[in-house]
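Peer 1: Letter by letter, the chains look like this.
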Amino acid sequence: MSTPLIRADGLSVGFNIGKGLFNRFTLKAVDNVTIHIEKGSFFGLVGESGSGKTTLGRALLKAVPITGGTAHYSDGEVEYDLEKITKEQLRDYRKRAQLIFQDPYAALSPRMTVRDIIAEPLEVMRLTRNREETDERVREIAAKCRLNLEHLRRFPHAFSGGQRQRISIARALVSDPKFVVADESVAALDVSIQADVLNLLKQLQKDLGLTFMFISHDLSVVAHTCDYVAVMYLGRLVETAPTRKLFAAPRHPYTKALFSAIPSLDPDDRGKAQKLEGEIPSPTNQPPGCKFHTRCVHAVDRCNVEEPLLEADGTGHEVACHRWKELLGTV
Amino acid sequence: MSALIEVENLTLSFRTDEGLVTAVEDVSFRLDRGEVMGLVGESGSGKSVTAKSLMHLNARNAVYAPGSRITLHTETGPLDVLSLRRTADLKVVRGGAISMIFQEPMASFAPAITIGKQMVEQLQLHSDMSKREARAISVEMLDRVGISDASRRFDQYAFELSGGMRQRAMIAMALSTKPALLIADEPTTALDVTIQAQVIDLMKDLVDEFRMGIIFITHDLGVVAQTCDRVNVMYLGRLIEEGPVREVIANPKHPYTQGLIAALPKLDDLDAPLTPVPGDIPSPLERPSGCVFHTRCSQIVGPECRADLPRDTRIDATHQVACHIYREVAE
Amino acid sequence: MTETPETFAEAARAANERGDQSAKEAYFTASQRQLIWARFKKQRSAMIAGIILLLMILSGIFAPFLSPYDPTVAGRNKDYLNGAPTIPQFCDKNGCSLRPFLHTIERVRSIETNFRWVEQVNEDERRYVQFFVEGAPYKILGFIPAQTRLFGMDKGFIHLFGTDAAGKDIFSRTLHAIWTSLQVGSIGVFIAFFLALIIGGVSGYYGGWIDGVIQMITDAVRTVPAIPLFMAVAAFMPPELSAEERFFYISLILGFIGWPTLARRVRTHLLTERNQEYVLAAQLSGASSGHVIRRHLLPSFTSYIIVDLVISFPYMVLSETALSFIGLGLKDPVSSLGVMLQNATSADVMLNYQWYFIPVIFFIVLVMAFVFVGDGLRDAADPYSDTHK
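Residue numbers (our numbering), protein chains in the order written: chain Y, 1 to 331; chain R, 1 to 331; chain G, 1 to 389.
If you're looking for bench data, these hints aren't it; they were derived computationally from the structure. Every residue, glycine too, gets a C-beta built ideally from N, C-alpha and C. Each hint should be verified, as a subset may be incorrect.
[Claimed, not checked] Quick list of the computed label-pair ranges, beta carbon to beta carbon:
#1 Asp301(Y) with Gln156(R): 26 to 36 Å
#2 Pro282(R) with Gly314(Y): 46 to 56 Å
#3 Gln156(R) with Pro288(Y): 21 to 31 Å
#4 Ala112(R) with Gly314(Y): 49 to 59 Å
One chain only, chain Y, in its complex shape:
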């Protein structure tokens, strides 16, 4: 295996909350996370709101400061230590790593034409020499994102959600990045459009050799797009595995609960969902031991005090649970 494109080891992101000298405390949004994202892969990151998945994605883009551990980017041309990255390196990294937003309405300035929106990164990073070159590049990427080139003169208000999201994608890809974080990029779209955008992302990944980090709360979407999935809970990774392995036999009780909570299309499945009691605790008030023990039906005394570490089984499937072996085969 080659060097992974993104290598995060023990990565933590904390935010200082509160004012004054005495009630200052740190909120650990991402806590000691180790992930390796291989070049050309579609890496899924799953979790509920408050799990820290968005923060992890932004930390890898250097949009929030890394407070612990290390993160490296290496695409064969350059290698950056994201924690100690210099200003010049960061300028170059911005070209190589991009973000696609969730809300296609908020992410496009209503005052710019589609052409100007897509061209903005080129102009800001001075990647093209003149207007003609910019236009050419914009048209090229817009065509790849299946945008009507006639529409480049229009303003965003002329477009529907799906079209806006394609504009958003074109803007993210115009600087020819290697690594793209897609943060809930289909969550705001209607089902009928969602599949279209997912297919487009997969197509672009193949055509342009991109590496995606796909952040989503929706396991069924992740299942259809990603090669590799990591499940987060309260800032921690609880399970990581190649998609097929994870979906064939999830090991962590939380992953299992997530699966069974997806509303099935079969009306006969009513009441079969394994209910998870309670809600995700506040990140400012984390439980001791296994973070999940407050909601876990299988929790034992050990879970309340000792935090489980990620355990690898040699097949690329890792899980952080004291009892996963005992629970194999249960729902």
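Since the structure of chain Y is provided, determine the placement of chains R and G on it from the hints.
Peer 2: Structure of chains R and G alone, referenced to chain Y:
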């Protein structure tokens, strides 16, 4: 079973700066007591507008076409909802016979009033209860929807509760007046899957207990499959297919319904390609002629799709569809 | 609301039915500003107010041309003090004429009238109104010299709105007063806006403790009551100041107390705009603060700022008027709406010289026009007034 509410030829437009925009066109349906009906459609399909008109609750620029009729069968006899003008008359409908819960629970709680005070006020508005009785009932309802420590929560503000708790409190408030009809407008969309499962479960219990009619608005067919008895599919303000949930999901007739189901990522077959419904939902300003779906339809049968509105065709006693494909079958 | 297809969108709809793509494209490629204008045009009251406002501004600019006399003592009619308006007429008992004329008015006093001045109209003597007459020289906008005035008399004077105690023509004074008040307002608004943009901009863009400190200062300034401050400044202002200097200081004061409200709006707008995802998107593309401000933040609020300016304008005019009215602002030789208003306060005026109130009507119309245009612009620019249906 007796009818609870009947909607006949509901046509509703909005007067906007861009002209008269049709939101709902010629919608007719009936809901029986104790029945759960799903109203499914994408954003812009007019499902929320339809639901709001049941309470005569649309914005002031709404224009109801003559011939639109909504009849609510109350204990004291049938009531023509659209003819109500005075606040006192509307009170019987809004919050009295019909309650509504929303996607964003924060929006239905006043931020500066405790949840309990708001519930008591609402109860007193719709009955001649004393404050003490109202309080007792409110606490009981909060307890009933699974809010632990209900008498303490009673004195809290909405922002002090977590998202799932707020949703429960909103349901408790909506049900405290014992409405005959509950309109649930995307009540689980903003929630995490695990919480969504809890809320769906709660709603099912409540239907069994209170025997009220529910109109469940959602874009998620999975949620419909898990909650509803019957489903109405809407597209661009028109009802295009109606039938029992089991029947519509297992055997969809309208190309749009078929497309919606095909677009859902399925967990049992990860290799199945995602098939989007082609194209985008047209802007309300460009309402297609003929069948409203013809601009995206892959099964056009002839020029009549572009020219004529398809009539409702019965597939069997309970299942009907508005599509030209089935016209010959019927004739 | 009118049902005529005026906006781009309706045109787009109509065009769609005809299969014509160009009008639809016009809507889709319309910028925010064009959309705001299209929405503004649909509001009849704002459009009417806008036209009135435009007319008033133009009449202010061309006041010297439109008015027959100088508004100062130089143009006074010393034989017709506190004179009633003289309205040109076309017909009298001696027949009609195409050219409007006035009768000569003679003022006499005798024992019959208790020795008060009484006007006697000499109906046999006609004086005709002339157009484009050469009058006293003046400068349009202060630098274009001219001598032609729109109208005048072949002999004697014409006073459409009457004259004041010094014999100055109230019509000429009113037109000049509009211009003076607009000038004071503009300078005041400009200073207030300049300060607001810098202070609110710094506060909103940087946030954090800088924002906290600036907001404290802003609040402190806001709590200073206006009238006592005016009085203190008036007491401080040397009485020997010339009219121009006084004028300048008044504008300055208005600017310096007018900024906090505007600054607060600029700040609020920046704070919300700064957190928009498209701003983050630009930052993640490596955009500098300068680029973000230039490309996203400034354009995002130009329309709001214009609205704010228009809305705050009448307050400036009002403040100027209030100041002059209580005798702390501009003084009589200068013609401003406030001065005109103050002249109309005496009991004598109310009983005998009601034409002093004519400028008051202009003042009310001017303020109302600003308010209506401002409201119309705000409604047109506010995306939340949209019914996204």
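Peer 1: Out of the numbered hints, which ones does the structure contradict?
Peer 2: none
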